[in-house]
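Student: Here is what each chain is made of, one letter per residue.
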Amino acid sequence: MPAELDPRLNYEATKEAIGYVSRHNATQSDYDRLGFMSGLEVHQQLNTSRKLFCRCPTGIYQEPDDYDAEIIRHMRPTLGELGEHDSTALMEFKTRKTIIYRVKGSTACTYEIDDAAPFLINQEALAQAIEISLLCRLNIVGEVHITRKHYLDGSIPAGFQRTAIIGVEGEIPLKDKNIRVIQLCIEEDTCREVSDKGHVRVFRTDRMGMPLIEIVTYPDMVNPDEVMEACNYIRFLNRSTGKVRTGMGAARQDVNVSCKGGARVEIKGVAHTKWIPELTHNEVFRQYALLNIRARLLESYPDWKNWKISSQKISRKDIQFKYEPLAFAQRDKLTVYAVNLPGFKSILSHFTQPGKIFADEISDRIKVIACIDKPNMVHSEMINSVLEPETIKKIESLLHAKENDAQVIIWGPSGDIPTALETIEERCILAFQGVPKETRKSFKDGTTIFERVLPGANRMYPDTDSPPIPLKDEHIEEIRKQLPEDVIDRYHKLKNWNVPEDTYIYIFKKNLFPLAERIVNELDVPPSFCGTFFGHTLKNIEGRYKPSSAFNYKTIYGLFKFLKEKGLDFELAKKMMPVVYQYPKMEFDSVLVNINYKPVKKKNIIDHISFLKKKFIPKRNHRNPNDENNWIMGQLRQAAIGNMSLTELAQHLK
Amino acid sequence: MSDDFFQGYKGKALKTLKKYQVRVWGHVHVNTTRGVFHGTILPRAENDDSNHIVLKIPSGYNLGINVANIIEMTETDYKKVSYKIAEKKFPFSPELPNVKLFGTGGTIASRLDYRTGAVIPAFSPGELYGSVPELASICNLSTEKLFSIFSENMGPDQYRKLAIAIGKEIESGIDGIVIAHGTDTMHYTAAVLTFMVQNPPIPIVLVGSQRSSDRPSSDAALNLMYATTAAGHGNIAEVMVCMFGSTSDKYGFLHRGTRVRKMHSSCRSTFRTLSDHPLATVTLDGVKPLKSKYNQRRKDKKVKILPFFEEKVALVYYYPNMQPDIIEMMIERGYRGIIIAGTGLGHINKPLYPAIEKAVKNNIAVYMTVQTLWGYANMFVYETGRDLIAKGVIPAENMLPEVAYIKLGWALGQTSDLEEVKRIMLAPVNDDITLREPYNGYLVYQGGVPEVEEFIRKVHK
Numbered sequence: 001m002p003a004e005l006d007p008r009l010n011y012e013a014t015k016e017a018i019g020y021v022s023r024h025n026a027t028q029s030d031y032d033r034l035g036f037m038s039g040l041e042v043h044q045q046l047n048t049s050r051k052l053f054c055r056c057p058t059g060i061y062q063e064p065d066d067y068d069a070e071i072i073r074h075m076r077p078t079l080g081e082l083g084e085h086d087s088t089a090l091m092e093f094k095t096r097k098t099i100i101y102r103v104k105g106s107t108a109c110t111y112e113i114d115d116a117a118p119f120l121i122n123q124e125a126l127a128q129a130i131e132i133s134l135l136c137r138l139n140i141v142g143e144v145h146i147t148r149k150h151y152l153d154g155s156i157p158a159g160f161q162r163t164a165i166i167g168v169e170g171e172i173p174l175k176d177k178n179i180r181v182i183q184l185c186i187e188e189d190t191c192r193e194v195s196d197k198g199h200v201r202v203f204r205t206d207r208m209g210m211p212l213i214e215i216v217t218y219p220d221m222v223n224p225d226e227v228m229e230a231c232n233y234i235r236f237l238n239r240s241t242g243k244v245r246t247g248m249g250a251a252r253q254d255v256n257v258s259c260k261g262g263a264r265v266e267i268k269g270v271a272h273t274k275w276i277p278e279l280t281h282n283e284v285f286r287q288y289a290l291l292n293i294r295a296r297l298l299e300s301y302p303d304w305k306n307w308k309i310s311s312q313k314i315s316r317k318d319i320q321f322k323y324e325p326l327a328f329a330q331r332d333k334l335t336v337y338a339v340n341l342p343g344f345k346s347i348l349s350h351f352t353q354p355g356k357i358f359a360d361e362i363s364d365r366i367k368v369i370a371c372i373d374k375p376n377m378v379h380s381e382m383i384n385s386v387l388e389p390e391t392i393k394k395i396e397s398l399l400h401a402k403e404n405d406a407q408v409i410i411w412g413p414s415g416d417i418p419t420a421l422e423t424i425e426e427r428c429i430l431a432f433q434g435v436p437k438e439t440r441k442s443f444k445d446g447t448t449i450f451e452r453v454l455p456g457a458n459r460m461y462p463d464t465d466s467p468p469i470p471l472k473d474e475h476i477e478e479i480r481k482q483l484p485e486d487v488i489d490r491y492h493k494l495k496n497w498n499v500p501e502d503t504y505i506y507i508f509k510k511n512l513f514p515l516a517e518r519i520v521n522e523l524d525v526p527p528s529f530c531g532t533f534f535g536h537t538l539k540n541i542e543g544r545y546k547p548s549s550a551f552n553y554k555t556i557y558g559l560f561k562f563l564k565e566k567g568l569d570f571e572l573a574k575k576m577m578p579v580v581y582q583y584p585k586m587e588f589d590s591v592l593v594n595i596n597y598k599p600v601k602k603k604n605i606i607d608h609i610s611f612l613k614k615k616f617i618p619k620r621n622h623r624n625p626n627d628e629n630n631w632i633m634g635q636l637r638q639a640a641i642g643n644m645s646l647t648e649l650a651q652h653l654k
Numbered sequence: 001m002s003d004d005f006f007q008g009y010k011g012k013a014l015k016t017l018k019k020y021q022v023r024v025w026g027h028v029h030v031n032t033t034r035g036v037f038h039g040t041i042l043p044r045a046e047n048d049d050s051n052h053i054v055l056k057i058p059s060g061y062n063l064g065i066n067v068a069n070i071i072e073m074t075e076t077d078y079k080k081v082s083y084k085i086a087e088k089k090f091p092f093s094p095e096l097p098n099v100k101l102f103g104t105g106g107t108i109a110s111r112l113d114y115r116t117g118a119v120i121p122a123f124s125p126g127e128l129y130g131s132v133p134e135l136a137s138i139c140n141l142s143t144e145k146l147f148s149i150f151s152e153n154m155g156p157d158q159y160r161k162l163a164i165a166i167g168k169e170i171e172s173g174i175d176g177i178v179i180a181h182g183t184d185t186m187h188y189t190a191a192v193l194t195f196m197v198q199n200p201p202i203p204i205v206l207v208g209s210q211r212s213s214d215r216p217s218s219d220a221a222l223n224l225m226y227a228t229t230a231a232g233h234g235n236i237a238e239v240m241v242c243m244f245g246s247t248s249d250k251y252g253f254l255h256r257g258t259r260v261r262k263m264h265s266s267c268r269s270t271f272r273t274l275s276d277h278p279l280a281t282v283t284l285d286g287v288k289p290l291k292s293k294y295n296q297r298r299k300d301k302k303v304k305i306l307p308f309f310e311e312k313v314a315l316v317y318y319y320p321n322m323q324p325d326i327i328e329m330m331i332e333r334g335y336r337g338i339i340i341a342g343t344g345l346g347h348i349n350k351p352l353y354p355a356i357e358k359a360v361k362n363n364i365a366v367y368m369t370v371q372t373l374w375g376y377a378n379m380f381v382y383e384t385g386r387d388l389i390a391k392g393v394i395p396a397e398n399m400l401p402e403v404a405y406i407k408l409g410w411a412l413g414q415t416s417d418l419e420e421v422k423r424i425m426l427a428p429v430n431d432d433i434t435l436r437e438p439y440n441g442y443l444v445y446q447g448g449v450p451e452v453e454e455f456i457r458k459v460h461k
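Protein sequence lines correspond, in order, to chains E and B. The numbers in our numbering rise by one with no breaks, and the one at position 283 of the first sequence is 283. The numbers in our numbering rise by one with no breaks, and the one at position 209 of the second sequence is 209.
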């Protein structure tokens, strides 16, 4: 009798074997042990009124079902400039997808659907890209060459994205170290996916063609928090120009992660910076787990080059499945196949990510490459098994399986089964080699799934529709003259001003530093007060109230100027701000009325202290020496705000 | 170092490469006033300036460096790259039809040309099979490169050679012919072949692409599959243009060579049949005729090749205030035929009358077509038309201006007897002139109209 394997125990045991620790408990020494390495590709939409290569307007979005026409396309792989087929391209070709584009007249012209050649590049966008390149200390190219980056997933109707290098080899400073930047590209944004079911993928073309920059860093980050810090820095740097688009989807990043002995894996489309630490943490452990799988497989199969799956079609006569999706497949005349994976016992249930096992790696690929929607697979090591032990026995015997083998059952349209079988074999063979280079889709819970094989330089091709664009020294110097201050310098200024550090993210994210600095320098508002006013008061108000569309941060300068001119205390700004935020057109005088402010002479407030001292009745039980002052402060606070500083009032109480 | 090492470089850039002893395909380290760059030097397109060198950096991107900014440059490695489309032997299946593909220089399959930065065609059956393997399940393909020119450079010489080559293929018993052709002048060639190759027993299909095959969403592969399907399996034995019917990957149209015209500078569905509807649609499942009458495929080889063309023929697009000296110049230069694309029903202004009269007196054949493209030249409705007829201008019915130009060149190539020319011109060949214009021959729907928008939303464009 073969030893029974408990997949759940195996999952836990393998998790322990690779030394998995939660991010909460992980230290730098854990990441050093794994050889954590990570780099970023930060995408940022530029805020131009027109698209990059055509004259369509930007920033208008359509709902998934809101379209004027649909266009159908298919993508075929072509050769790269150096005569090689790209591996991703070949994978996408295998998927045989029909791509449908939903076109809306107000956001797309014939260019978006690849029925027209590109117009000359948007000069406004080009200048912005140069500006950000200079901020990243990049070497600016002499001539911009538009390049086609092939994408066969359908996200661009042409099958390629027009993109161009603006600068190479730069650097951004973090608090404690510098991160090297590989390059900055300007490129057109891609279509947004509506759905991807079976062999049909649907996109909408609204976002397609909007100008975007991509900043790529070297893998200089050595732990998950550092990746987030670098990402934030780049985002703040972009925003410091005041020329980039903000809001949902305006900034997105791909995170490259590898562990020692692993491979570069690109986690695509991370929507929020705060997801980065968990995602990179889990990815580095996933790679470590795959290396452990490799070591275990090589032990029993050193000569893996001859490793093969064996498979057999399962008819209703062979087995009648009870598990509903399989039973449905049998009723619906889908093809069912059982596959034997020699030597994969205890590998299928090997830990890969929290809540995930190696079998998921196979199932994810079947979905993407063979286009069989999930659930598409069951196997012999499911943690919550849906197969009865006797069914597994039956399958083992049909496949003539040996003791150390594992079994997988797949089902789907008969046309997709050959690709699915190939995909299973391919993924298993890759397990003998370690970590496959791939791009992975991220989820909020910090896990990822297979998206594509990682493309290489072979997918780049010169764009024969566009002439090279020379960048003159004078043009670059002109832009250099108007560069904003470095974010790192602003960071140090805020520190010197004693502004609490928890306000920085908000201030940089909203690019409010220049405004705060003007208020400090021109209106003599104390810097720490000003910093906290933005980072705490304003942030709080934004979270709580609905803004008026007329609201503009510049109004805040007006507010402080008003207070200064009237000789009112700046503290009053905190009370006025919610009203100003909601009704920015209201006169500041009316705002004062609105918050029930009454001008009182400082002397009158101070004189009132002695009266209140007489009125104070101490509490009987817990006497506190400050009780009296606190009570009087509470009584006078309302009247004092705007008329005298609260610090001064407190001094009078002593 | 021989000049081969500096493909495309000239002037200052070439001097710089020579100064630092670096070559195209050399891996270089370049120190410039804008910082350091690494990469492989690529050839330069001939029409680009001489101030920059092109570098492919490791990420696969290309960029240019102004040679004026170069401080130092060293070659660290050298690796010449040869760009090849995977070539595989085209398989032969006895049960499939034999199709001959003639190449003229279109972009059906192509690769990059570093000299011009443009794409150049790849063509051998092996190369085609390498890039469109589906062809092997449609037909047995053999190819012959007749010319390798852009379609705007096609002319009488090529027309004659093409017609003769087609005749030979028919003689040797081929089942169908496909001609790969640039799209810009494909309709001229389609017209001329209709006239020069009379009564063909097999399909003769012109095909091209609006997006070169180096693009993943190219229409080239599908067009080629459609064309070989029409040539090998279709029953319509005429000269036809086979191109996308809609911008979507749905079906191809087969257009009569005499009624087809390129109507959009860049759209995939650019070819349209005018004043009629297309002959057929074609998909990978085969040809579906839309017209009930067409010339059927035959077993015989009775084709008549008439490879004649007179070069001194002009197509004049009339515009208000056109000066008579343009016509007079043609008379002086010995032109033998003029096709006018007139306004409306076939009109030109009065100041041209004397020049027209002079042309007719000088034995120049003058025919009138319409620049409205749809509809007939009808010169009896207005006085201008009647005046022109009186002066010897002959209305060419609803022949398209380009087709009339081709037909007149072909007719004058056969005879200088203007009566005989007239007989040839007005005798319909394959619907170059139709007796009737069908109700659905003119359908240029306008966007914005609710019912049109509804239709476009429902039916894939």
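Read the hints as simulated data drawn from the structure, not as lab findings. A couple of the hints might just be wrong.
Calculated cross-link-like contacts (lysine to aspartate or glutamate; reagent style EDC-like; alpha-carbon spacing at most 16 Å) [said to hold, decoys possible]:
| # | chain 1 | residue 1 | chain 2 | residue 2 |
| --- | --- | --- | --- | --- |
| 1 | B | 461 | E | 70 |
| 2 | B | 458 | E | 68 |
| 3 | B | 250 | E | 70 |
| 4 | E | 104 | B | 453 |
| 5 | E | 613 | E | 589 |
| 6 | E | 472 | B | 454 |
| 7 | B | 461 | E | 68 |
| 8 | E | 614 | E | 627 |
| 9 | E | 104 | B | 454 |
| 10 | B | 458 | E | 70 |
| 11 | E | 393 | E | 405 |
| 12 | B | 458 | E | 65 |
| 13 | E | 177 | E | 229 |
| 14 | B | 458 | E | 66 |
Student: For which of the previously enumerated hints does the structure constitute a violation, in increasing order of number?
Tutor: Hint check: 5, 6 fail, others pass.
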